[in-house]
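S.K.: Sequence:
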Amino acid sequence: MSFVTDPARAERSLARRLRAGWPELVAAGIPVAWLLASRGAGLLDPRSMGWLARGDSASHLIGWLFFAREPWHWPPARIESWLVPAGTTLGFADAIPLLAFPLKLLAGALEAPFQFFGLWFAACLILQAVVGSRLLAELGAGERLRAYGGALLALSPVLWDRFERGHFSLAAQWLVLAAFLAWVRFFRSGGRLRHLVGLAALPVLAAAIHPYLALITGALLAAIVPAALRFGARRAAAALGLLTVAALVSLAVAYAGGFLGAGERLRAGGWGNYSADLASPLNPGTDSRLLPPLFPPSESREGFAYLGLGLLAAGAVGLFLELRARLRAGAQPEEPGGRDRHGLRALWIACSLLALVAALPAIRLFGAELASARSVTAILEVPLGAFRANGRLLWPLHALLGVAALRGLRSLAGRPLAGAAVLLLALALQLAERPVPGDRPKRDVATGEEVASWRRAAHGVTKVAMLPLFLKDGGDVFCGGIHGDDWSRAAYLAAGSGMSFDSGYVARLNAPLARARCAEGEERLRTGQLEPDTIYLVRPRRARIFGNRGLACEPYWGSLWRCRAPGAEMRPPAGGQGTAADQ
Numbered sequence: 006m007s008f009v010t011d012p013a014r015a016e017r018s019l020a021r022r023l024r025a026g027w028p029e030l031v032a033a034g035i036p037v038a039w040l041l042a043s044r045g046a047g048l049l050d051p052r053s054m055g056w057l058a059r060g061d062s063a064s065h066l067i068g069w070l071f072f073a074r075e076p077w078h079w080p081p082a083r084i085e086s087w088l089v090p091a092g093t094t095l096g097f098a099d100a101i102p103l104l105a106f107p108l109k110l111l112a113g114a115l116e117a118p119f120q121f122f123g124l125w126f127a128a129c130l131i132l133q134a135v136v137g138s139r140l141l142a143e144l145g146a147g148e149r150l151r152a153y154g155g156a157l158l159a160l161s162p163v164l165w166d167r168f169e170r171g172h173f174s175l176a177a178q179w180l181v182l183a184a185f186l187a188w189v190r191f192f193r194s195g196g197r198l199r200h201l202v203g204l205a206a207l208p209v210l211a212a213a214i215h216p217y218l219a220l221i222t223g224a225l226l227a228a229i230v231p232a233a234l235r236f237g238a239r240r241a242a243a244a245l246g247l248l249t250v251a252a253l254v255s256l257a258v259a260y261a262g263g264f265l266g267a268g269e270r271l272r273a274g275g276w277g278n279y280s281a282d283l284a285s286p287l288n289p290g291t292d293s294r295l296l297p298p299l300f301p302p303s304e305s306r307e308g309f310a311y312l313g314l315g316l317l318a319a320g321a322v323g324l325f326l327e328l329r330a331r332l333r334a335g336a337q338p339e340e341p342g343g344r345d346r347h348g349l350r351a352l353w354i355a356c357s358l359l360a361l362v363a364a365l366p367a368i369r370l371f372g373a374e375l376a377s378a379r380s381v382t383a384i385l386e387v388p389l390g391a392f393r394a395n396g397r398l399l400w401p402l403h404a405l406l407g408v409a410a411l412r413g414l415r416s417l418a419g420r421p422l423a424g425a426a427v428l429l430l431a432l433a434l435q436l437a438e439r440p441v442p443g444d445r446p447k448r449d450v451a452t453g454e455e456v457a458s459w460r461r462a463a464h465g466v467t468k469v470a471m472l473p474l475f476l477k478d479g480g481d482v483f484c485g486g487i488h489g490d491d492w493s494r495a496a497y498l499a500a501g502s503g504m505s506f507d508s509g510y511v512a513r514l515n516a517p518l519a520r521a522r523c524a525e526g527e528e529r530l531r532t533g534q535l536e537p538d539t540i541y542l543v544r545p546r547r548a549r550i551f552g553n554r555g556l557a558c559e560p561y562w563g564s565l566w567r568c569r570a571p572g573a574e575m576r577p578p579a580g581g582q583g584t585a586a587d588q
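Residue numbers (the numbering used here): 6 to 588.
It cannot be assumed that every hint is accurate.
[Unchecked claim] Here are the simulated lysine to aspartate or glutamate pairs, EDC-like style, with alpha carbons at most 20 Å apart:
no.	residue 1	residue 2
1	468	527
2	468	85
3	477	61
4	109	143
5	468	374
6	477	490
7	468	345
8	109	50
9	468	536
10	477	527
11	468	538
12	468	50
[What the hints assert, rightly or not] Cβ-Cβ distance ranges computed for the label pairs, FRET-style:
no.	residue 1	residue 2	range
13	294	549	55 to 61 Å
14	487	294	34 to 40 Å
15	334	111	25 to 31 Å
16	301	245	39 to 45 Å
I should point out that these hints are in silico values taken from the structure, not numbers from a laboratory.
Don't be surprised by glycine CBs; every beta carbon is placed ideally from N, CA and C.
Please take these sequences and the hints and turn them into a complete structure.
M.R.: Shown next, in the form of structure tokens:
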């Protein structure tokens, strides 16, 4: 046996691989190029954090920064130094435990803080494009359709909407396409077990990213159990066994990731208030520069599922080609004997059932209520109470409609010019209707000099607190709503200075404990009793009251002042600014 590699042979092998994989390279390159051109390469810089310091993305960033500098706890996603004294978890900060766990090891070796959310979104675009391209290949698409079709799937308005809203963990919608891919391969292979195992692994992986994605992929795994009866009772039993194992392992992963068992409430009120209209895949809402909204989208936008003008145009052409082909064939079924060798009929049923749950409690079409299902909603709210944004369950049907729209263009493979024209036009339309991104509002998360000045100024200080306390979760603002996004800058300084912080916004809080802490904060405001190891950030009126009581207070930043009990000198941070506004 020779271990000497022939250079010429290796070069030919690489060239063959590149030729075979060029559709995936093109599919991934187009959305990444659009991301860089429209948002700037600075997004991918781990040191760039200003674009994250607002809204929901602020909680993701802050959760990661506190977690990265803490020692390990149990469960491993526990964060003790943020939202003290109760603490929180990576899961409730939506800080993607799948990445945060290994990167915590790297963070310990680096002095400067860093973020991974920009690179994560770029990776999600690549995976969406590549998995979509492979799925189209399984469904009989040619190379050109795989290349541009994969790019169209990665330019989904639903995916980009999650980026704009700062919901980075929910950008992993490639998991839905991966579930479709495993599903199709299972049926095409005649029921091979390895494809079932691949499908069963997806809820486990999703449980380390976001619970909604675990729910969706788990539901698709559950749906394949009856569909597997086509290949006999033994294969259906194997699917049921894998479903059981996947559910148990997913729960363990969710616990480790901080989504379960932390004492915070899982259920929140208003289940069904974040539902979807069944016509949402056709409704651009306010996300198109070329089309007006067909009906007003819900205020929460959780039911947003617009396909995009490019995919709609591709679907119209594909539907025309399919109908023409069927008419010419005398309305004969496409598959021999009418057999659905891809398992798509069962997949359509599964995705449609999820879409019906997404539409509860009132089934609406183009904004008009067709039927009320509030009795069914009351039953489903018991097992699904933690998943109140049920409109997200429309995403599988949205993804399947996009794949079906592209699959209809397969017949253009023999007409390369027409096929290229249709795909390029669809791609141009998909990009042209995207709103021109303005400058994403930034909140300076403080420079390294300011963090250093806090460290120098804070002799004997171990805590940063806000008065009034600010506590908010995905369901309620418990107290301190006047602070808005001001908390994120203070939290960043606390994390960078090695201090704890008591305020913030996460997905879930322990409601009774949060209310008790709000009452304690009100009492502290009333009495003015401050702890000497804590810096308090307050509004100007309260700062004047504290100052009259002998406490040291000074302008800090924006409309906030910082106060501390007597006994230590405080120096204003570099670039700090105060205001006389009485809020």
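S.K.: Now tell me, hint by hint, if it's right for this structure.
M.R.: Hint by hint, here is what the structure shows:
1. 468 x 527: It holds: about 18 Å lies between the C-alpha atoms, which stays within 20 Å.
2. 468 x 85: Distance of about 12 Å is within 20 Å: holds.
3. 477 x 61: Distance ~11 Å between residue 477 and residue 61 Cα, so the pair holds.
4. 109 x 143: Violated, because 38 Å separates the two Cα atoms, which is more than 20 Å.
5. 468 x 374: violated (52 Å)
6. 477 x 490: holds (11 Å)
7. 468 x 345: violated (63 Å)
8. 109 x 50: holds (18 Å)
9. 468 x 536: holds (9 Å)
10. 477 x 527: The hint holds at about 16 Å.
11. 468 x 538: holds (6 Å)
12. 468 x 50: violated (30 Å)
13. 294 x 549: 55 to 61 Å: Given about 49 Å between the Cβ atoms, the range is violated.
14. 487 x 294: 34 to 40 Å: Once the Cβ atoms are compared, 36 Å apart, the range 34 to 40 Å for residue 294 and residue 487 holds.
15. 334 x 111: 25 to 31 Å: violated (58 Å)
16. 301 x 245: 39 to 45 Å: About 43 Å separates the Cβ atoms of residue 301 and residue 245, which means 39 to 45 Å holds.
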